[in-house]
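Novice: Starting from the known structure of chain A, arrange chain B on it as the hints suggest.
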Amino acid sequence: AESPTSVRKVVVHLRATGDAPILKQAKFKIPGTDKFAKVIDFLRRQLHRDTLFVYVNSAFSPNPDELVIDLYNILTSYFHTSKGISLVVF
Amino acid sequence: MRKAIQKRMEAKKYVWEGAIPLQIHLHESQVTTLPPPPPALILAPRIGYLPLLVPLIKPHFSSTLPPGVDTIWFEYRGLPLKWYIPTGVLFDLLCAEPERPWNITVHFRGYPGNVLIPCDGEDSVKWSFINSLKEAAYIINGNCKNVMNMSQSDQLELWHSVMNGNLEAYLRVSSKLKLATIEDEYTSLCSSKSQQGSGETDFTGQVKTGRVPVRLYVWSISEDFDDWEDLSQVDSWEKISYINRPIEIHKEGKCFTLHDAMKSLLPEFFSDESLSDSKLARVDFEDAQKIPSEDVSSNKVVEDQGQNAYEHREACCISSSAEIKLIRIQGIEPKLEIPFSWLVNNLLNPDHFLHICVCVKVPQ
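Protein chains in written order, with the UniProt record's numbering: chain A, 1 to 90; chain B, 1 to 364.
Only chain A is shown next, with the shape it has when bound in the complex (with noise of 0.2 Å):
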């Protein structure tokens, strides 16, 4: 178990659609204070791709200056879930 002033990790799971390619790893976590841009870094490598667009819950596509907890709160402020966040990939 975490301990309380550890740094929080989110789940991120990956969707890819269209002509994108499929992950090996689909899900991933990455500690609540690193930015937005990072996760899009990850993929870019993973996925050897110079652009990518990265929706979230499939709904819009964050700031990369955005924090991972920040967003995490905001998409499951409505709908309370252990899943983490849920990114498609084009």
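Calculated from the structure, these hints are not laboratory results. Heads up, some of the hints might be wrong.
Listed below are the simulated SDA-like cross-link pairs for lysine to any residue, each with C-alpha atoms no more than 25 Å apart in a straight line [to be verified]:
id, chain 1, residue 1, chain 2, residue 2
1, A, K35, B, L56
2, A, K35, B, E17
3, B, K58, B, V31
4, B, K239, B, W228
Specialist: Chain B only, in chain A's frame:
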């Protein structure tokens, strides 16, 4: 009633007409002519974005540029400027002592891809704007269907209204989105004083308390200073914390002020007061530096994650010598007692976010 509407719109009009005088210098590495070209003088809308000024800037310098492909970016005293942040916000944040005109440098080469995400001109800015609007809609309504279902022509008209600073056109299209205005008796009080008691109808129709999308930019300093000019300026985006956290207005009889809003966003800077009503997760930036980063490859699902995100965290690390030095919204430094609803109804950016610049002093 028309007069009431005009009064209500007055503050919004000031915001939409607000502009930053820019003196834009071409970076010396790209000057190929003698004498070097004079700087371009441009009045940049506060609610706009720097890349949108390129059609005005480029002709000014085109005869002196070296041959090749242009990748345009802006910089202030060495700091590359993030193009998706509204111009007014950049100015409020990076110029503690407002500099008029604001001297910035334009580059046509050597795009700093390690600091700035790519920008392909107007299309990139429009995409960023629409996504911010979607996010705002998501925060307010729990979904962004209203933005996604906009007709092509409405979306275009909305975007053009932002580019052209046309408030009337913007209100016409955005009212269809039904992103609620926060109304409470204090907002009416503020506006009714200037209306001489004439009966006032809330023409927006929506009366709702709820979540307000907020983008908070926190510049932390640890030095003492007498004048803003004495401060060493921001030389890296690492010095600025970007917090994207909605504010929930609590209507419990008393007026919800800017002070209340700031307390919910940055409780550690109000350490003398009770924190027990803070329900938002606090990310302690000091903690983040102490803990080594771990692999992004673990199969263990954190099951209580949902609950943890809402747990109240104690502000145990910040001493009482931490204080807020400055709060700026649309270039205004409001008093903390101002009703927060007034700020929401008048100082929002077109992306429907309230962008707040804060300078805080933290112990070393």
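Novice: Does the alpha-carbon distance linking K35 (chain A) and L56 (chain B) stay inside the 25 Å limit?
Specialist: Violated, because 33 Å separates the two Cα atoms, which is more than 25 Å.
Novice: If you draw a straight line from the CA of K58 (chain B) to the CA of V31 (chain B), is it 25 Å or shorter?
Specialist: holds (13 Å)
Novice: Take a quick look at whether K239 (chain B) and W228 (chain B) sit within 25 Å of each other, Cα to Cα.
Specialist: holds (16 Å)
Novice: Could you grab the alpha-carbon distance between K35 (chain A) and E17 (chain B) and see if it respects the 25 Å cut-off?
Specialist: violated (33 Å)
Checked against the numbered hints above, the structure violates hints 1, 2; every other hint is satisfied.
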